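Peer 1: Sequence lines, in order, name chains A and B. Note that the working numbering has the first sequence beginning at 1, numbered continuously upward. Note that the working numbering has the second sequence beginning at 1, numbered continuously upward.
Just to be clear, a hint being listed does not mean it is correct.
You can't tell identical chains apart in this list, so a pair holds if it fits in one copy or across any two.
[As the list claims (entries may be wrong)] The calculated lysine to aspartate or glutamate pairs, modelled on EDC-like cross-linking and capped at a C-alpha distance of 20 Å, are: (1) 40 <-> 144; (2) 367 <-> 61; (3) 367 <-> 111; (4) 372 <-> 144; (5) 372 <-> 141; (6) 122 <-> 111; (7) 367 <-> 141; (8) 378 <-> 141; (9) 114 <-> 130; (10) 122 <-> 61; (11) 411 <-> 333; (12) 372 <-> 159; (13) 354 <-> 141; (14) 226 <-> 144; (15) 122 <-> 187.
Worth flagging that the hints you see were computed from the coordinates, not collected in a lab. What you are looking at is a predicted structure, and each value in this text was computed from that prediction instead of being measured.
2 protein chains.
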Amino acid sequence: MKHKTSTKDLQLSSNERLFIESGSVFKPKNYKNFKPQGNKIYTFHAGFKKKYDDLLIIIFDSLVNVECVYSKTSTPSAPIIWDKKHNNGKCKALIVNSGNANAHTGKKGIEIIKHYSNILSKKIKCKKNEILISSTGIIGEIFDPKIIINQINKLHFKDTTHILDAAKAIMTTDTYPKTSVHKLLIDNEIINIYGFAKGSGMIQPNMGTMLAYIFIECKISNLNLKKLLKKNLNSTFNSISVDGDTSTSDTLMLFSLNKKNINLKKQKNFKILSAAIYDIMFNLSQQVIKDGEGLSKLIQANVFKAKSKNQANNIAFSIINSALVKTAIAGQDANWGRIIMAIGKSFEKVNQNKITISFGKNIVCTKGAIYKKIDLKKINRYIKNKIIKINVNLGIGNCSSTAYGNDLNYKYIKINADYRS
Amino acid sequence: MKHKTSTKDLQLSSNERLFIESGSVFKPKNYKNFKPQGNKIYTFHAGFKKKYDDLLIIIFDSLVNVECVYSKTSTPSAPIIWDKKHNNGKCKALIVNSGNANAHTGKKGIEIIKHYSNILSKKIKCKKNEILISSTGIIGEIFDPKIIINQINKLHFKDTTHILDAAKAIMTTDTYPKTSVHKLLIDNEIINIYGFAKGSGMIQPNMGTMLAYIFIECKISNLNLKKLLKKNLNSTFNSISVDGDTSTSDTLMLFSLNKKNINLKKQKNFKILSAAIYDIMFNLSQQVIKDGEGLSKLIQANVFKAKSKNQANNIAFSIINSALVKTAIAGQDANWGRIIMAIGKSFEKVNQNKITISFGKNIVCTKGAIYKKIDLKKINRYIKNKIIKINVNLGIGNCSSTAYGNDLNYKYIKINADYRS
Chain A
1 MKHKTSTKDL
11 QLSSNERLFI
21 ESGSVFKPKN
31 YKNFKPQGNK
41 IYTFHAGFKK
51 KYDDLLIIIF
61 DSLVNVECVY
71 SKTSTPSAPI
81 IWDKKHNNGK
91 CKALIVNSGN
101 ANAHTGKKGI
111 EIIKHYSNIL
121 SKKIKCKKNE
131 ILISSTGIIG
141 EIFDPKIIIN
151 QINKLHFKDT
161 THILDAAKAI
171 MTTDTYPKTS
181 VHKLLIDNEI
191 INIYGFAKGS
201 GMIQPNMGTM
211 LAYIFIECKI
221 SNLNLKKLLK
231 KNLNSTFNSI
241 SVDGDTSTSD
251 TLMLFSLNKK
261 NINLKKQKNF
271 KILSAAIYDI
281 MFNLSQQVIK
291 DGEGLSKLIQ
301 ANVFKAKSKN
311 QANNIAFSII
321 NSALVKTAIA
331 GQDANWGRII
341 MAIGKSFEKV
351 NQNKITISFG
361 KNIVCTKGAI
371 YKKIDLKKIN
381 RYIKNKIIKI
391 NVNLGIGNCS
401 STAYGNDLNY
411 KYIKINADYR
421 S
Chain B
1 MKHKTSTKDL
11 QLSSNERLFI
21 ESGSVFKPKN
31 YKNFKPQGNK
41 IYTFHAGFKK
51 KYDDLLIIIF
61 DSLVNVECVY
71 SKTSTPSAPI
81 IWDKKHNNGK
91 CKALIVNSGN
101 ANAHTGKKGI
111 EIIKHYSNIL
121 SKKIKCKKNE
131 ILISSTGIIG
141 EIFDPKIIIN
151 QINKLHFKDT
161 THILDAAKAI
171 MTTDTYPKTS
181 VHKLLIDNEI
191 INIYGFAKGS
201 GMIQPNMGTM
211 LAYIFIECKI
221 SNLNLKKLLK
231 KNLNSTFNSI
241 SVDGDTSTSD
251 TLMLFSLNKK
261 NINLKKQKNF
271 KILSAAIYDI
281 MFNLSQQVIK
291 DGEGLSKLIQ
301 ANVFKAKSKN
311 QANNIAFSII
321 NSALVKTAIA
331 GQDANWGRII
341 MAIGKSFEKV
351 NQNKITISFG
361 KNIVCTKGAI
371 YKKIDLKKIN
381 RYIKNKIIKI
391 NVNLGIGNCS
401 STAYGNDLNY
411 KYIKINADYR
421 S
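Put together the whole structure using the sequences plus the hints.
Peer 2: As structure tokens, then:
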């Protein structure tokens, strides 16, 4: 069996490039694209945004298995409340709008979803609980469901499109679309995996903290989808934070298409698949953090030799979320005192005299004090890089963890102080 | 018995005013000052800072009772390690330097303290554990104790000074000195209470998160000092946060002088005293938060009708520490969606449909959605104020809490990205 799928970099018009890439330090040189079989992607300009597409509808050829992870927020958006209540692991269609999060919209927000998902379920002849919903954008504003319904009514006249358009349609303050595509061979079958994501601000784990959709071109049970998520979530989407702010809408959906059957009882097969899922999740989450609002540098905090995974994780996040660490990195200042502060404010029990900290390979402190052979010239050169690795060896155990954050600079303020105006 | 104490506002030279007040939105119009009896205040320009005094030594006429609260950080500074190990509630002298925190300086940092406190203890003939030490400034840099010793040697030639000079000598990025003075009558005795504090960045509770020294002009047992601290800490110093970053050096010291005896077994007396201590602690902590680095607006988050004090507190801090709430306030944008987000990311169990939020008296949302009679004109006028009160009524209990924070703006970035350069 052969597929007419294509994995290629997209050629964008200069205008498109300008819009998408303006200002991003880590702007991708090219974008992975993919036009899937087995599901149909439609994008629309519904009117949530002034220009640009803001509505995505994906219709699956047949009912597919899906597993979702949502924000742990205690003030979830209407789509999260809806999906959690209705969906039971089967999906026929997905509707995502950007520009309005339908969050803290009370009963009205739920009625809005009921209204437009009803229209779609009649149109494509599926049950209402087979439609998944996401929304991203402004919190607290009620919108007229007709904005979406008007587009649903145009579905049959629309051409299908590819994942890059899907990624663009769900963007908010993102400066570039985020897509990822993998091809792998299992039991002599070629399996495509592809996904897209959005996210730029309000990014701190507890779960994935943005919207991400990943599709696997083979049949996988819900149990195995769950396993794949659990195995790969912490080291990918749950390892990033732009601002420590957890969104009301964060959602990750992992879909399995009914295209091929592979034997996942073979441990080897599961491992190959899981590694590919990791790659795609890591890749998408890195694109999200690298597009962190206003980012000029990526901060990677690696904590080694902690007493527990949890301790390593808390300290890594305490570092990348510290306003003082983030501003120091923005100012290209290897101010390691602030890293000591950030370790301390995690309140994790450490032995201060065993801590070694380095920027990249350049040690700044060890045995509880400044490193005697500290090479400030080298460090000042290192701190000018776009990716700053802060390595913390706690010297008290065997566990490690990595967290990814960004610097805090004028541009972050500009974006977030002017967001609604 | 009569004292020659004076409580008056200080007249500063225009240059002094310029230095102290530049850029602060909440710059005090005048400063409380007080020249104490019962202890001698000396300030010096030791050389940690380029200009301005940077060393404070206070010598008590006799051994006094003291109780201290320190940062809960797991990477405490050398002075905190030293004080905690040696001091047993009695004090003859206090040494505070600004410009170098003597933090993460390992055994060397302890030796430095040993060296200079030894010199002082010989000079004033007291035990080494009767000298309390604080340091604030850059973390991780070792300094030569001679910088301090040289000044100790000049002690006998120095004139004593007042608390405003003390407050100035311990400033780092503060834009104004912070003093507070109270006079109260207990059992027909006039009791002066006075204090000073510093703090501007790296401010988030878990304990007081700056340096603060308060002196009560009467004899109080250590047990009662502890009670006074415990009763008043949470609603004062522990209710503020500039940036969520907990310092390695935060210290609050409450001294009782051996000047007068009052009967604190009388409940009424203890209440009067405790209320005065609250006033002085609240006043100093408000001066600290109002001098938050770069601050243009003070944010006061009041959480009402929570299930527990702890829940109210967590939500109040989640709001004032959210980068997105802080930038919205900086941009004069009453973006209440971000407050919903901040409530959610506390992960406290709430009933979203019972939440009412208002800016000042202006309701923005109620019953889980936007307020039908929302008055955007009034809200947009309100948000231009210097003090923004965010009121959150959770509607699920009877507990409340207040937290004070500041906005996040260009100036905070400027201060913290350029701090060492």
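Peer 1: When the hints from earlier in the document are held up against this structure, which numbers fail?
Peer 2: Checked against the structure, the hints that fail are numbers 1, 2, 12, 14 and 15, while the rest are satisfied.
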